[in-house]
Amino acid sequence: MTWDEASVARRAAAFLAEHDPAAVDRLAFLRARFDAGLAWVHFPEGLGGLGAPRELQAVADRELRGTPDNQPGRIGIGLGMAAPTILAFGTEEQKRRFLRPLWTGEEVWCQLFSEPGAGSDLATLATRAVREGDEWVVDGQKVWTSSAHTARWGLLLARTDPGVPKHGGLTYFVCDMRAPGVEVRPLRQITGEAEFNEVFLTGVRLPEALRLGEAGDGWRVAQATLMNERVAIGGMPVRRTMMEVVADTWRSRPELRTHDLHQRLLRLWVESEVMRLTAARLREQLAAGHPGPEGSGMKLAFARLHQELSGLEVELLREDGLAYDDWTFRRPETVDFLGREAGYRYLRAKGNSIEGGTSEILRNIIAERVLGLPAEPRADKDVAWKDLPR
Amino acid sequence: MTLLYTEVEEELRAAVRDLLADRCSPSAVLGRVESGVESGTPYDAELWKTLARDIGVGGLLVPEELGGAASGAGGASAREAAVVLEELGRAVAPVPFLASAVLATQALLSAWGTAGGDAGGVVAGELLGRLASGEATAALAVPFAASPYAPPAPAVALGEDGTVTGTAGGVIGAEIADVLLVPVRLTRGTALCAVEASPAAALGGAAGGAVGGAVRGPVRVTPATSLDLTRPVATVSFASAPARVVATAGGPETPWVREALLRGAGLLASEQLGIAEWCLATTVAYVRERRQFARPVGSFQAVKHRLADLWLEIAGARAAARNAAARLAEAPIAGDIAVAVAVAQAHCGAVAVHAAEECVQLHGGIGMTWEHPAHLYLKRAKADQIALGTPGDHREALAGPADLPAPV
Chain A
386 MTWDEASVAR RAAAFLAEHD PAAVDRLAFL RARFDAGLAW VHFPEGLGGL
436 GAPRELQAVA DRELRGTPDN QPGRIGIGLG MAAPTILAFG TEEQKRRFLR
486 PLWTGEEVWC QLFSEPGAGS DLATLATRAV REGDEWVVDG QKVWTSSAHT
536 ARWGLLLART DPGVPKHGGL TYFVCDMRAP GVEVRPLRQI TGEAEFNEVF
586 LTGVRLPEAL RLGEAGDGWR VAQATLMNER VAIGGMPVRR TMMEVVADTW
636 RSRPELRTHD LHQRLLRLWV ESEVMRLTAA RLREQLAAGH PGPEGSGMKL
686 AFARLHQELS GLEVELLRED GLAYDDWTFR RPETVDFLGR EAGYRYLRAK
736 GNSIEGGTSE ILRNIIAERV LGLPAEPRAD KDVAWKDLPR
Chain B
-9 MTLLYTEVEE ELRAAVRDLL ADRCSPSAVL GRVESGVESG TPYDAELWKT
41 LARDIGVGGL LVPEELGGAA SGAGGASARE AAVVLEELGR AVAPVPFLAS
91 AVLATQALLS AWGTAGGDAG GVVAGELLGR LASGEATAAL AVPFAASPYA
141 PPAPAVALGE DGTVTGTAGG VIGAEIADVL LVPVRLTRGT ALCAVEASPA
191 AALGGAAGGA VGGAVRGPVR VTPATSLDLT RPVATVSFAS APARVVATAG
241 GPETPWVREA LLRGAGLLAS EQLGIAEWCL ATTVAYVRER RQFARPVGSF
291 QAVKHRLADL WLEIAGARAA ARNAAARLAE APIAGDIAVA VAVAQAHCGA
341 VAVHAAEECV QLHGGIGMTW EHPAHLYLKR AKADQIALGT PGDHREALAG
391 PADLPAPV
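Respectively, the protein sequence lines represent chains A and B.
For the first sequence, the residue numbers in the numbering used here are 386 to 775.
For the second sequence, the residue numbers in the numbering used here are -9 to 398.
Next up, chain B with everything else stripped away, as it sits in the complex (with noise of 0.2 Å):
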């Protein structure tokens, strides 16, 4: 295991880095929040089409055999997964990759490796398939806000008829998805169930049509107005939508939502760091040339001396996210990869946000302004510190493992 880049990652952050240099500069981001707020989505279906399909990122995190570049003999791994997660970070690039490619993905992934060769298995390794090649896209119905240590209960029902009836409220990427992986609840024990989004649905087509509440059959969409601009949240209602049995599981747990929450949690420590890395290297870069009492702001003390310990968490950030990355490349989550991912999200969660407070307050008025990209990263920076556990959430689960017990 290491903690460095290796020449395939870079070679794949490189190419990532390039087209989002060119297709989602933030100036184009702002552009995109902007039609966004009309048309109720911010999701740039085209760049997600070429990431997907060409650079063939949806794939990342699923296995050879079942179309995906991921394989225990040096093949892709949650450390790609990172190193383009850092990048979407660095751009707040309004693409699923976190809904669809990570936290659906590892939900389907969780359910096929239990499943076996039953029919619940077929359909998982069927619809893997589909993300892996970039043919769809899927989200993960449950809220972004959610803890891996606390999964809320299923509020969708199965019905007899195999529909699924109900709401799940705080999801992202479920806009431009095709399919909806919701967990159900039976009168025993909870599935994870498929449903169609749209029967028709494309890539790049769908978009449009789940807008502003669209009905697509039994299916509802409704984004709300978020907090990340970049990101949206939004609630799913089904009304009997015919849905597709993908496992299903005795107790109360829906185990596949834990461990996709977790190993979701591990990777959006590689988000935030490629947030914080953008942050600091703007404001370096502006407080290098903007002149105050005729010196450049950045030669001051009081100046410089925050951006030094901002660097130093960032440093820290990148050996913590590094370390969960590798850790949970190596597969099952045990005890001490568990650690690492709630080591990495306690350090990193709280860094990006401290990141882009220094951003907005050291570029002064013009960082307050709507024109400048800094409240983009902001706001992303702010909903991730929230997302799939707060690093109070995830200080807490370390109490155990560190053998530091809570007063009685």
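If we strip away everything but chain A, and leave its shape as in the complex, we get (with noise of 0.2 Å):
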């Protein structure tokens, strides 16, 4: 059937009237709502979804705002990278297997792709994989992951041929967490915490029935889950802006004020309001069905923005910016950015320009496809990975 926002409505409206919140358990009542296709209703059927149109989410949404929710901050990897690319890559066996408790958040996932060796240059990254009968083994180093120790699966991308050039010989697996060989150790950051991990696999055998996609096509499955990943990554919700974080400071504290200051701050008030109508503009195009390349923008001015702001804060503040609030030992699910003080937000803000595709990469994607700009030579793209220099 073809679904519109009133049906979907009517939907919601049975599974509430057949469900109450009240009275069944949380993971009884997420499970239920997956079944019956209000988790994701652009999903096909049976798989969380109606089917339906993807804008009609927020109508689920809304209807059954109030009632127990899958907490999406801490299954984020789970829901914005392996949801999709596991229903585009996925056989029927692993949608079935994956998709309900990830959705309801009984099975967190991450991300096992870049290595200490592989980062802006992932296709050259070094985990091998080598089939054995009807099993996988798994020897490597992964890096920045988050989740991982709470992580029940992980998304991995190792190296199953060395003999031909890099982006060739990639297979994309579901990696077992919980598999002997697997160890997870936190990475403390600049910040004090380890917001992220390394992972040592050792080892590591994993069934067939977990690899993802063909042997060998790991890459084009990997550019999904990247592709993803920035939409993801560019469709927070944004609660309160740096920008407004400074200004309470300046408005509140006038003994702070200089007119250097505040020649600096106007700046990035203007800065901050560009963005924002640039984003304004973008969001237009969309809505008209022609997507603008501003979007390959926004992320490399955001991370800008957040650097400098951060860093004019901790100045701003003088005999306080010196001071910082935690460096005990913590491991956050999420980024308290707004919730912690000024150097912590200066330092955690440095990774803007690193995180999910450096700022560096950013401005080669806009050079290459926005500007038509030709790329580096490339002194890897016929050579066998094994014969790359390293």
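Quick caveat, the hints were computed from the structure, so don't treat them as lab data.
Computed from a prediction, not measured in an experiment: that's the story for all the values here.
By construction, the Cβ of each residue, glycine as well, lies at the ideal position given by its N, Cα and C atoms.
Where hints are given, some of them may not hold.
Claimed, not checked - Facing chain B, according to a computed beta carbon distance under 8 Å, are these residues of chain A, among others: (1) H644; (2) A665; (3) L685; (4) L701; (5) V755; (6) P762.
With the hints as a guide, bring the two chains together.
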């Protein structure tokens, strides 16, 4: 059937009539919501959806507001990256096995892509997966893995053929984080906390059923995950902006004001207003069905503005800027950017131009795909991965 | 309100762009600037006649009832004027659109709006009709560098015999203007007066007669040697020149001038966007072709990253300029419209200069030559940065609305 706003609302009402959120257990409620096709309405029937247009999700969310939800903060990687990848490339069996506990939050996911030697140049990664009968044996090391310490499953990109050029020899797996040989170690960052992990994989045996997509086709599958990652990062709701935080301090502490800071603050205020207008224009273009290339630049602009504002905030605070709120080793599930102090914001914002694609890579993307400038000469294009200098 | 371009706006853009492609190539502008060095003015009166009369850009801001194209019901507005300015900026076109159809027209509109049916209002209406039809061109006799936040006090006085005497410097478009709109001081208060530059002045015929400080009766227009070759500033002197009063105000303020400068500043952002777009496109085309070290120069990251950053600044400039134009189209200046204007000017002025500077730099030696048009854009961009308030002036004006007060 074709779904519209009214029919989705009716579906939600019928579901609520059968499942009183006050009377049933939270998990049971979420499972039932998934089975009713009201988890992500644009997914197929039987997989948490109705095969409805994506924008009708807002209707389902609105109708079910106030009922138990699936804590997207904790399971963001599963929802934002694993689910669309599994839906696009998984077998029927994989979809049925993974999607429901992923959506309910019963199983947390992490992403095992980056390695100490392969960050921006992800396709040079060295983690090996060797086939032995019906199993793959994985050896290597991953890094920058959020949620690895709580994850049940990981999205793993590994090298299965070192004899071909780097993009061709990769295969994509779902890694069982409970398998013997998986070791997760916290990675303490400049903020003092360990938001990410290192993951060591030593002789980890993964059954053939955990391969996602064809052997050797891993790069194409990974591209889908990365594309969804940037959408997920860009689509996160902003409750309060860094500009407002600094402006509040400026307003409430007149004794801190100097002419130099005033000039710089006004400059950044203009910049944040220009960024807001650029985003508004981009949304209009999307709504009109003509996505503009501005999206490629928004993360770049955001990172620069965030870093400049957080730096200015520390300077503005002078004596208070010399203090830091808490160096205690911690393992947060999410970044509590605005809940902490200026020093933390300054340090954490340094990651904005690195995580999810460095500013340098984003500039290359704009230069090559938007402006049509030629790529740098590639030394690694036709060379087998095993012959690349490392 | 939309920040995108409407179909009507795109049609207008195409008409202006086609005309400029035929008649106003960078080499044609260079040639005109060359001869202008001798004749004193670079203005292309024939091109301006076609734009103003045939395409009708003279009346984009003038209400339909006065013969223009502007109307509250889907007619032309600041949005269309902004699109024309984008194209004129892209071509560094030597035509007095900003001077006449924006600044002078806005001052008249402001006066007409407050004058109602009195004698001044009739004069304003009649003048707006002439400007809308493209029959006449006007200039607002205030310095192009004047800030809307601190407009200069009038330096011209109105005598009891109805003539004006005094000097206004730094005026754009005066050489080609048929009518000069002059803010004047009265014994008490101020007025806006209209002075015919030459009784016989007709579009296209006037420019030649205004050259080199030639006397047009009691009005003398002396072009200065200007940084911007395509839009020079001139000094206008009045010696008992017959004038008609358009509007009067009680205080020392000239409210029509202030409003014209603010609206002009908001629309100037679109010209700056056009300048920046030409500079980026031209530079990208050049670095794709130009080879050094056996590679296109545009394949070096050091070059690519600079152009990517510039592209991002221009994407912001487009959003800010569109926002200002869309808000100005909504009519009376209110607080948030003033914010939109100040944000656009604070951002776009610097972006145009940055784009032109990158254009010169990334063209290497050729970018430094007279024969390459890059310098025309650099000169226009730098002059525009100072015009109608510097980026710093506009940023400071935001301290109040943004509630970010200055230190005491």
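To see whether the hints hold, each was checked on the structure:
1. H644: 6 Å, holds
2. A665: 6 Å, holds
3. L685: 6 Å, holds
4. L701: For L701 of chain A, the interface hint is violated, since the closest Cβ of chain B sits about 12 Å away, which is over 8 Å.
5. V755: 6 Å, holds
6. P762: It holds, given that the least Cβ distance between P762 of chain A and chain B is near 7 Å, below 8 Å.
Hint compliance for this structure: hint 4 alone is broken.
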